[in-house]
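**Q** Residue numbers (full-length UniProt numbering), protein chains in the order written: chain A, 1 to 159; chain B, 1 to 159; chain C, 1 to 159.
Derived by calculation from the structure, the hints in this document are not laboratory data.
Just so you know, not all the hints are guaranteed correct.
What the hints assert, rightly or not - Quick list of in silico lysine-lysine cross-link-like pairs, DSSO-like style, CA-CA up to 30 Å:
{"hint": "1", "chain 1": "B", "residue 1": "Lys4", "chain 2": "A", "residue 2": "Lys4"}
{"hint": "2", "chain 1": "B", "residue 1": "Lys116", "chain 2": "A", "residue 2": "Lys5"}
{"hint": "3", "chain 1": "C", "residue 1": "Lys116", "chain 2": "C", "residue 2": "Lys4"}
{"hint": "4", "chain 1": "C", "residue 1": "Lys75", "chain 2": "B", "residue 2": "Lys63"}
{"hint": "5", "chain 1": "A", "residue 1": "Lys6", "chain 2": "C", "residue 2": "Lys5"}
{"hint": "6", "chain 1": "C", "residue 1": "Lys89", "chain 2": "B", "residue 2": "Lys75"}
{"hint": "7", "chain 1": "B", "residue 1": "Lys75", "chain 2": "B", "residue 2": "Lys63"}
{"hint": "8", "chain 1": "A", "residue 1": "Lys63", "chain 2": "B", "residue 2": "Lys92"}
What the hints assert, rightly or not - Just a sample of chain C residues kept apart from chain A, beta carbon distances all over 10 Å, derived:
{"hint": "9", "residue": "Asn27"}
{"hint": "10", "residue": "Ala30"}
{"hint": "11", "residue": "Tyr32"}
{"hint": "12", "residue": "Glu51"}
{"hint": "13", "residue": "Arg71"}
{"hint": "14", "residue": "Gly72"}
{"hint": "15", "residue": "His93"}
{"hint": "16", "residue": "Val94"}
{"hint": "17", "residue": "Met95"}
{"hint": "18", "residue": "Lys96"}
{"hint": "19", "residue": "Leu106"}
{"hint": "20", "residue": "Glu112"}
Since the structure is predicted, the reported quantities are computational estimates derived from the model, not experimental observations.
All C-beta atoms, glycine included, are put in the ideal place defined by N, C-alpha and C.
As a plain string of letters, each chain reads:
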Amino acid sequence: MTDKKKTTIILFSGDYDKAMAAFIIANGAAAYDHEVTIFSTFWGLNAFRKEEQVPVKKGFLEKLFAGMMPRGANKMGLSNMNFAGMGPKMIKHVMKKHNALPLPDLIDMAKEQGVKLVACTMTMDLLGLHQDELIDGIEYAGVAAYLADAEEGNVNLFI
Amino acid sequence: MTDKKKTTIILFSGDYDKAMAAFIIANGAAAYDHEVTIFSTFWGLNAFRKEEQVPVKKGFLEKLFAGMMPRGANKMGLSNMNFAGMGPKMIKHVMKKHNALPLPDLIDMAKEQGVKLVACTMTMDLLGLHQDELIDGIEYAGVAAYLADAEEGNVNLFI
Amino acid sequence: MTDKKKTTIILFSGDYDKAMAAFIIANGAAAYDHEVTIFSTFWGLNAFRKEEQVPVKKGFLEKLFAGMMPRGANKMGLSNMNFAGMGPKMIKHVMKKHNALPLPDLIDMAKEQGVKLVACTMTMDLLGLHQDELIDGIEYAGVAAYLADAEEGNVNLFI
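Next comes chain A alone, as it looks inside the complex:
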């Protein structure tokens, strides 16, 4: 165990804006020299999906889920004022204008800063997501691993 402060974030939400908030906090905490973990579960796993389709064998329901869920950070909707996809376009436009990083870049920055990105294996099973379908550089674990991190955490958030 180190003397570093720890921040852990459960990313449950599959909304673009909420994931942005998660990664902005995570990147801030990493810059502050915290040990940071983002534990991605349920719809939050969509942020870790590859954009391209990956050929893996799935059952019918798993295929249905996978087909309906956004493939990757860039495809996610907003929690508010989504307007059938117009909202995300507006937000991304405004972000570009203000030089704010889009979500995929925030994820890359998190990796570069050593933020530990963890995909929840239990919900991967439920939603029928395979490791091949998720981006590189992430770890795989369950709730026990999350708790081991969080019980030493200074800042623990559920997003």
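With chain A's structure known, arrange chains B and C on it following the hints.
**A** Only chains B and C this time, still in chain A's reference frame:
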């Protein structure tokens, strides 16, 4: 005060998937020997409703609220891809296939493990919910009791 | 640094009920003698908007966002059972009946109790909100200021 680690979760959401996440974390933390409290407030109270209708006297608006809110954990919708009730059926089907416990069983397990389940009395008042309408084995308290627990907590989450 | 316990709340949500929960917890914690901060970001900033329109220069998209977002705490919708605005009316009616404080009063009480209200400058930029459009008595800061508070926090929540 004991030396045990403490986990407290405010369950605000009335979504099946978010309540699942809350109880999976709670059960995990209890297995890790934490003292665990789930403080259920607003729509989260629906997870503690009995499935059967209980005859209690209510005002008009309270009756309206009670009629529109799902009666019990098994009736709750999803935060995402609910599709007018199809989503929950799909998720439950997939959970059964993968031997994941449905929400009512997660609640029973939490009780067996000694997780303290608390219903927020202020929102019970607002939504017109009576103690007779909620499941057995839960406690009743307000925000002061939550804070007394949470200020000693190692992992505090709002779900 | 004082010996006081600390509570920090990120208010991300623009929902009336979630903001109520945030301010009830904040006011409770302040009554418990905690140092309390509410850091308002994204849609949560709507709770800090003035009710009246304030003439400020904006770009097209910023004007669009500002026009679509609720102006002030009293105009916000519910996270659940909003029914195109009927839900908030019902909730407010029921709150009045039970002598529960409406959101604007909860915000005033928080100010009186010395709860630090902070507006996230980064999202103000993104959504095109100016300081003139937000209520008096709040501070302006970014994620670094939030983390400095939260890393000393006993109760840290994301709402």
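**Q** Each hint should be assessed against the structure and marked as holding or not.
**A** Against the structure, the hints come out as follows:
no. : hint              : verdict
1   : Lys4/B / Lys4/A   : holds (22 Å)
2   : Lys116/B / Lys5/A : holds (29 Å)
3   : Lys116/C / Lys4/C : holds (14 Å)
4   : Lys75/C / Lys63/B : holds (25 Å)
5   : Lys6/A / Lys5/C   : holds (19 Å)
6   : Lys89/C / Lys75/B : holds (25 Å)
7   : Lys75/B / Lys63/B : holds (18 Å)
8   : Lys63/A / Lys92/B : holds (16 Å)
9   : Asn27             : holds (21 Å)
10  : Ala30             : holds (20 Å)
11  : Tyr32             : holds (20 Å)
12  : Glu51             : holds (20 Å)
13  : Arg71             : holds (14 Å)
14  : Gly72             : holds (16 Å)
15  : His93             : holds (25 Å)
16  : Val94             : holds (24 Å)
17  : Met95             : holds (23 Å)
18  : Lys96             : holds (27 Å)
19  : Leu106            : holds (21 Å)
20  : Glu112            : holds (28 Å)
Every hint, counting from the list given before, is met by this structure.
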